[in-house]
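Chains as they are written, first to last, in the numbering used here: chain A, 1 to 447; chain B, 1 to 718.
In case anyone wonders, no lab produced these hints; they're calculated from the structure.
It cannot be assumed that every hint is accurate.
So, partial list: chain B residues that the calculated Cβ filter (under 8 Å) puts toward chain A [what the hints assert, rightly or not]: (1) ARG8; (2) THR19; (3) ILE23; (4) LEU27; (5) PHE28; (6) LEU30; (7) VAL32; (8) SER34; (9) GLN40; (10) ALA41; (11) ASN44; (12) VAL46; (13) ASP210; (14) GLY344; (15) LYS347.
The list that follows gives simulated cross-link-like pairs (lysine to any residue, SDA-like), each with its CA atoms no further than 25 Å apart [said to hold, decoys possible]: (16) B:LYS102 to B:ILE57; (17) B:LYS36 to A:LEU95; (18) A:LYS326 to B:LYS36.
Nothing here was measured: the structure is a model prediction, and the numbers come from that model.
Just so you know, even glycine gets a beta-carbon here, dropped at the ideal spot from N, CA and C.
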Amino acid sequence: MIRSNSEMSKGIDGLVLWLYILLCCIGITSIFAATYREGDDIVRSFLSFKTDYSKQAAFFLVSIVAGVAVLLMDSKFFTATANLWYAFGMLLLILVFPFHSNIKGTKSIIKFGGALQLQPIQLCILFANLALSKYLSRMETDFTKSRSQMIAAAIVIAPAILAILQSETGLALVYFSFFLVMFREGLPAVILIIGFSFAILVVATLVVDPNVLALTLTGIAAFVIYLMRRQIKRHKSVLAGIIGIWAICVGIQRFAVPFIFDHVLQPYQVKRIYDTIGKDYVPKDAAAAEDIAKNSAPKKDDGDYNVRQSKIAIGSGGWYGKGLLKGTQTRYSFVPEQRTDFIFCTIGEGFGFAGSMVFLGIYIILLFRIVTIAERQRSTFSRCYAYGVASVLFFHIAINLCMTMGLAPVIGIPLPFVSYGGLSLVTFSIMIFILLRLDKDRQMVLR
Amino acid sequence: MSVFNQSRQTIIRLIFAATFLIIVVRLFTLQVVSGKYKTQALDNAVYRKVVYPDRGIIFDRNKKPILNNTIIYDLTVTPYEVKDIDTTLLCSLLSIDTVELKSRIISAIIKNGRYRPSVFEGLLPIDLQAKLEENMWRFPGFTLVERPIRTYPYRAGAHLLGDIGEVDTAIIRRSNYFYQMGDYVGRSGMEQYYESVLMGKRGVQNLIKDNRNRIQGPWENGKYDTAAEAGRNLYTYLDIDLQLLAEKLMANKVGSVVAIDPKTGGILAMVSGPVIDPNDLTGTARQKNYAKLALDVAAPLMNRATRGLYEPGSTFKPLGGLIALDVGVINAHYGVSCSGAYYGCSKVIRCEHHNPGHAANLRLALANSCNSYFSQIYRMTVDNSTDHSTKKGYTRWMEYLNAFGWGEKLGIDLPNELPGNIPDTTLYNKVYRGQWNSCTNVTLGIGQDKMQVTPVQLANAMCIIANKGYFYTPHFVERIDNETKKDTILNRFRVKYSPLTHIPDEAYEAIHAGMQDVVESGTARIAKIPGINICAKTGTAEKYTVLDGHRIKLPNNSMFVCFAPRENPKIAIAVAVENAGFGSTWAAPIASFLVEKYLTDSIRSEKMKDLERIASTNLMPAYLKRRQFIADSTRAYYYFNLRKDSSYIRKYLRGYRPHEEKPKEKSIVFIQPKEKKDAIAGRKPAKERKDNRNTHLFIRGQQLVGNDKKTLKAQISG
Chain A
1 MIRSNSEMSK
11 GIDGLVLWLY
21 ILLCCIGITS
31 IFAATYREGD
41 DIVRSFLSFK
51 TDYSKQAAFF
61 LVSIVAGVAV
71 LLMDSKFFTA
81 TANLWYAFGM
91 LLLILVFPFH
101 SNIKGTKSII
111 KFGGALQLQP
121 IQLCILFANL
131 ALSKYLSRME
141 TDFTKSRSQM
151 IAAAIVIAPA
161 ILAILQSETG
171 LALVYFSFFL
181 VMFREGLPAV
191 ILIIGFSFAI
201 LVVATLVVDP
211 NVLALTLTGI
221 AAFVIYLMRR
231 QIKRHKSVLA
241 GIIGIWAICV
251 GIQRFAVPFI
261 FDHVLQPYQV
271 KRIYDTIGKD
281 YVPKDAAAAE
291 DIAKNSAPKK
301 DDGDYNVRQS
311 KIAIGSGGWY
321 GKGLLKGTQT
331 RYSFVPEQRT
341 DFIFCTIGEG
351 FGFAGSMVFL
361 GIYIILLFRI
371 VTIAERQRST
381 FSRCYAYGVA
391 SVLFFHIAIN
401 LCMTMGLAPV
411 IGIPLPFVSY
421 GGLSLVTFSI
431 MIFILLRLDK
441 DRQMVLR
Chain B
1 MSVFNQSRQT
11 IIRLIFAATF
21 LIIVVRLFTL
31 QVVSGKYKTQ
41 ALDNAVYRKV
51 VYPDRGIIFD
61 RNKKPILNNT
71 IIYDLTVTPY
81 EVKDIDTTLL
91 CSLLSIDTVE
101 LKSRIISAII
111 KNGRYRPSVF
121 EGLLPIDLQA
131 KLEENMWRFP
141 GFTLVERPIR
151 TYPYRAGAHL
161 LGDIGEVDTA
171 IIRRSNYFYQ
181 MGDYVGRSGM
191 EQYYESVLMG
201 KRGVQNLIKD
211 NRNRIQGPWE
221 NGKYDTAAEA
231 GRNLYTYLDI
241 DLQLLAEKLM
251 ANKVGSVVAI
261 DPKTGGILAM
271 VSGPVIDPND
281 LTGTARQKNY
291 AKLALDVAAP
301 LMNRATRGLY
311 EPGSTFKPLG
321 GLIALDVGVI
331 NAHYGVSCSG
341 AYYGCSKVIR
351 CEHHNPGHAA
361 NLRLALANSC
371 NSYFSQIYRM
381 TVDNSTDHST
391 KKGYTRWMEY
401 LNAFGWGEKL
411 GIDLPNELPG
421 NIPDTTLYNK
431 VYRGQWNSCT
441 NVTLGIGQDK
451 MQVTPVQLAN
461 AMCIIANKGY
471 FYTPHFVERI
481 DNETKKDTIL
491 NRFRVKYSPL
501 THIPDEAYEA
511 IHAGMQDVVE
521 SGTARIAKIP
531 GINICAKTGT
541 AEKYTVLDGH
551 RIKLPNNSMF
561 VCFAPRENPK
571 IAIAVAVENA
581 GFGSTWAAPI
591 ASFLVEKYLT
601 DSIRSEKMKD
611 LERIASTNLM
621 PAYLKRRQFI
631 ADSTRAYYYF
641 NLRKDSSYIR
651 KYLRGYRPHE
661 EKPKEKSIVF
671 IQPKEKKDAI
681 AGRKPAKERK
691 DNRNTHLFIR
701 GQQLVGNDKK
711 TLKAQISG
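Sequences and hints are given; from them, build the entire structure.
Below, the structure is given as structure tokens:
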């Protein structure tokens with residue numbers, strides 16, 4: 001056993017492994033801090049696997065076992081079966097529609113028996129990553145061609161669309177993080193910039209008065225025309241381009257955003273977005289109001305309340321925090337969902353700014369390390385995969401932390417390795433272990 | 001391919017770093033820069049439970065508790081725990097119906113939430129509490145919660161002991177937010193004055209609560225908790241037996257009795273009539289009785305000992321004599337010849353006596369209470385030639401009275417004391433445009449005119465005369481339990497004031513002799529107690545009031561002051577009985593009984609019949625009924641206008657009705673023409689009444705109406 005272990009551990013990136021284990025331990029401790037009640041018998045509850053922290057510990061063990069299994073596999077297995085996995089994932093996603101169980105606010109979960117439940121959309125992040133890496137690493141893929149770019153985009157957007165149909169807008173957004181991978185692989189930067197500008201425009205539409213925004217956009221367009229008057233003299237098409245961009249911007253601001261808000265998003269989601277930017281949302285009709293009421297019942301569980309309580313919990317931590325198990329806000333369930341999406345409150349309140357810095361430090365070191373690992377791969381597949389892992393982790397961490405601190409709307413995205421949730425822990429673990437396995441064979445060129 | 005886009009890894013790293021930087025900055029502002037989240041977190045999770053200490057107990061001079069604590073119970077409900085209760089039993093016990101039960105639980109949820117207990121039925125009577133106690137297991141979610149209340153074991157001393165009540169916003173603001181909503185605080189009497197001593201020190205328990213406001217345990221292991229300190233007891237000079245006797249004697253009378261120990265200034269008894277039972281204003285009884293007492297025009301809640309203003313009448317005469325002696329305008333042998341009235345001024349002042357020589361000297365004049373004599377010496381004092389000015393003389397006379405503690409607050413240990421009224425020259429200058437002389441206010445010399453004092457001031461003046469010039473501010477509390485240097489509240493009561501010790505002892509002796517003769521051979525022979533030399537003075541002050549637009553003369557106020565024994569004064573008493581008649585008829589025996597009780601600890605058996613007679617006599621002024629009717633009707637009319645609901649009027653008219661036959665067509669009597677009103681009230685038409693002005697006389701509860709004063713007077717004397 002020992003020998004085979006040393007054999008197995010050769011070439012594995014120790015830093016990533018240890019950071020991973022550290023994060024999982026922080027996660028279990030935080031869940032413990034959030035759910036432990038005075039007088040609980042810790043040893044017994046850990047062994048009984050009835051409490052959340054003991055369940056999380058159990059899932060951690062499962063993850064380790066799965067991870068060892070992954071490490072024992074051949075790295076070619078992943079390249080070979082990537083598309084298969086993706087197809088399997090898509091099948092699961094489609095099967096969700098007829099077989100999903102009745103759980104409030106989501107249609108994405110299948111239950112097996114009593115305790116076990118499966119959310120294919122989470123698993124699919126892993127599969128999409130594999131499939132995307134596989135597609136990008138194909139010999140015949142020429143990623144400078146827009147056709148390939150379209151196909152790559154389709155690979156990641158397909159599950160996202162299914163996720164939206166299952167009322168999991170938050171997890172759907174995660175799939176957009178794969179555009180960072182594509183960017184690394186040569187996707188024109190302008191697409192990222194356009195995407196980013198689009199996001200800014202949407203936010204501006206919500207925050208600024210429509211007419212003022214339209215005037216501002218017109219002003220900017222006029223200014224640009226003035227700056228580029230020479231080029232315009234030479235090429236009339238530049239003028240057409242600018243006017244075209246202006247028209248698109250105003251169109252988005254005037255028609256697209258209201259259309260999305262009124263017809264695509266659920267009213268309660270719109271309300272959460274409005275909550276985040278600090279505006280009151282007036283439901284446009286009775287049905288919308290009813291939807292908000294339905295999705296925010298019981299009364300206290302609306303996004304605004306969550307974020308306010310979460311901000312109070314984090315803010316009350318101060319420089320050094322109140323200490324483990326001493327956080328008054330997190331221990332007495334003022335923050336709803338705090339063992340899952342709002343787990344960071346426990347850390348923020350218990351360990352303060354200093355502790356949060358250490359925690360963020362662990363994450364950023366992990367992310368940078370994964371990027372470094374990605375860059376040292378010989379095979380495109382491994383590199384894409386590693387970037388995929390980094391992007392997905394980054395997106396989860398950023399959105400989750402911003403959400404708890406009131407910078408982003410409340411969308412249910414877990415904090416990787418820390419939030420309570422067996423499936424997400426196992427998925428992220430396997431993702432990391434596959435990365436470690438691929439990295440072990442970094443000298444090989446996988447196709 | 002990777003080679004082409006190598007530089008892009010830097011961009012990706014930069015995106016990561018920038019995002020984390022934003023998060024760090026946000027974290028810094030949340031946790032370090034902004035302080036509000038810390039307080040919000042405390043507000044959220046820490047419940048400051050105030051632990052109320054027991055209030056201090058008040059003892060009388062024989063260490064008998066006269067104000068104590070006891071426990072009664074509130075029935076509270078925690079709505080979310082209420083399951084499968086025996087509804088019918090609970091309803092029958094509380095005598096409510098199920099609809100009421102439901103609505104009370106709903107209002108509890110609205111008020112305090114589902115998870116916190118709220119009061120379902122407060123202040124349970126003892127028998128109901130016992131019945132509930134037996135059956136509590138049938139009502140999960142309901143609990144009996146102890147609640148300490150104040151109790152008065154002797155049912156005496158309502159006005160001086162005072163009561164406690166919940167703080168209102170004004171008190172909270174005045175206390176600089178020391179008190180919190182729901183705190184109990186002394187609202188009157190000694191409870192209010194000694195609030196800081198009696199209340200003790202509130203303790204604070206910091207408890208952790210969860211998001212549903214359920215208590216989870218102590219916060220930080222009670223590091224910031226403070227323990228409650230019980231309120232300290234007060235030991236008073238009050239003699240509860242004397243107080244009980246005084247209250248018995250003052251039953252069904254309007255007025256006041258104050259008894260002070262002249263040597264210490266300690267108040268031995270203080271009664272304000274109508275006498276009320278203090279237990280009527282605690283616990284369950286308070287809701288029932290308070291409104292009735294507060295709306296009573298006889299003002300039973302007012303402490304007449306410190307807030308009742310009385311013309312001292314003849315009881316002023318010892319003071320007038322002393323002042324005249326000290327100013328030097330007379331000596332003890334000065335006499336006037338009185339033939340039944342004083343003719344020195346344009347208005348004639350009647351005197352009760354007309355036998356010659358009844359005012360041959362000061363002693364006789366005092367004993368016989370000669371109005372002429374004291375009018376004369378008042379004028380002599382004010383017009384004293386050495387002053388060259390009536391106004392200067394008046395001012396000096398007024399300063400003497402101020403030295404006696406009249407016209408100024410004494411500063412006794414009860415709140416809201418009134419200063420009485422001794423007008424200075426500015427008032428007379430204003431009223432008479434500067435044109436006045438000693439004749440204008442000559443009746444001041446016999447304790448009338450604008451002179452008004454409170455019974456406490458009257459009793460205190462007796463103390464000064466008994467002590468020959470010095471006094472201690474009248475007060476109740478002798479000492480505080482565990483008194484320390486920090487307790488400055490009693491310091492001012494231990495200061496000996498000597499405002500009038502410069503008056504020679506001979507002057508005092510002369511007055512004492514005259515006052516002793518009042519009892520021995522003068523107007524107050526009824527107050528004589530064998531073996532005890534009492535110095536006293538009766539008083540009969542005229543009273544008028546305006547009723548139904550007419551100024552009517554009321555029966556005189558019966559006043560009496562005394563101190564005893566003359567040689568070594570141990571008790572000084574002032575008695576005022578409103579609208580009772582002569583001072584010697586009612587006030588004098590009351591004071592006499594108190595002196596006897598205090599000095600000999602018992603009442604002679606042959607006097608017991610007299611005592612019972614006085615105690616059982618109802619001297620409530622008759623005009624009060626009419627005034628009550630007017631007050632109630634006015635209020636009813638006000639509410640009728642407010643609500644347009646005649647049931648309010650019926651509610652207010654339920655009590656006293658002047659006449660049984662009510663007009664059938666309308667029950668609202670106020671908005672009818674004058675003639676009809678008169679007809680309903682059974683009065684003569686207004687025109688006729690005008691001719692008979694001043695001929696309505698109220699004597700001892702009887703209204704006498706006639707056209708001729710002489711026949712009326714004959715009726716009275718008959």
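How the hints compare with the structure:
no.	hint	result
1	ARG8	5 Å, holds
2	THR19	5 Å, holds
3	ILE23	5 Å, holds
4	LEU27	5 Å, holds
5	PHE28	6 Å, holds
6	LEU30	4 Å, holds
7	VAL32	5 Å, holds
8	SER34	6 Å, holds
9	GLN40	5 Å, holds
10	ALA41	3 Å, holds
11	ASN44	6 Å, holds
12	VAL46	7 Å, holds
13	ASP210	4 Å, holds
14	GLY344	86 Å, violated
15	LYS347	81 Å, violated
16	B:LYS102 to B:ILE57	40 Å, violated
17	B:LYS36 to A:LEU95	49 Å, violated
18	A:LYS326 to B:LYS36	19 Å, holds
Going down the numbered hints, you'll see the structure goes against 14, 15, 16, 17, while the others check out.
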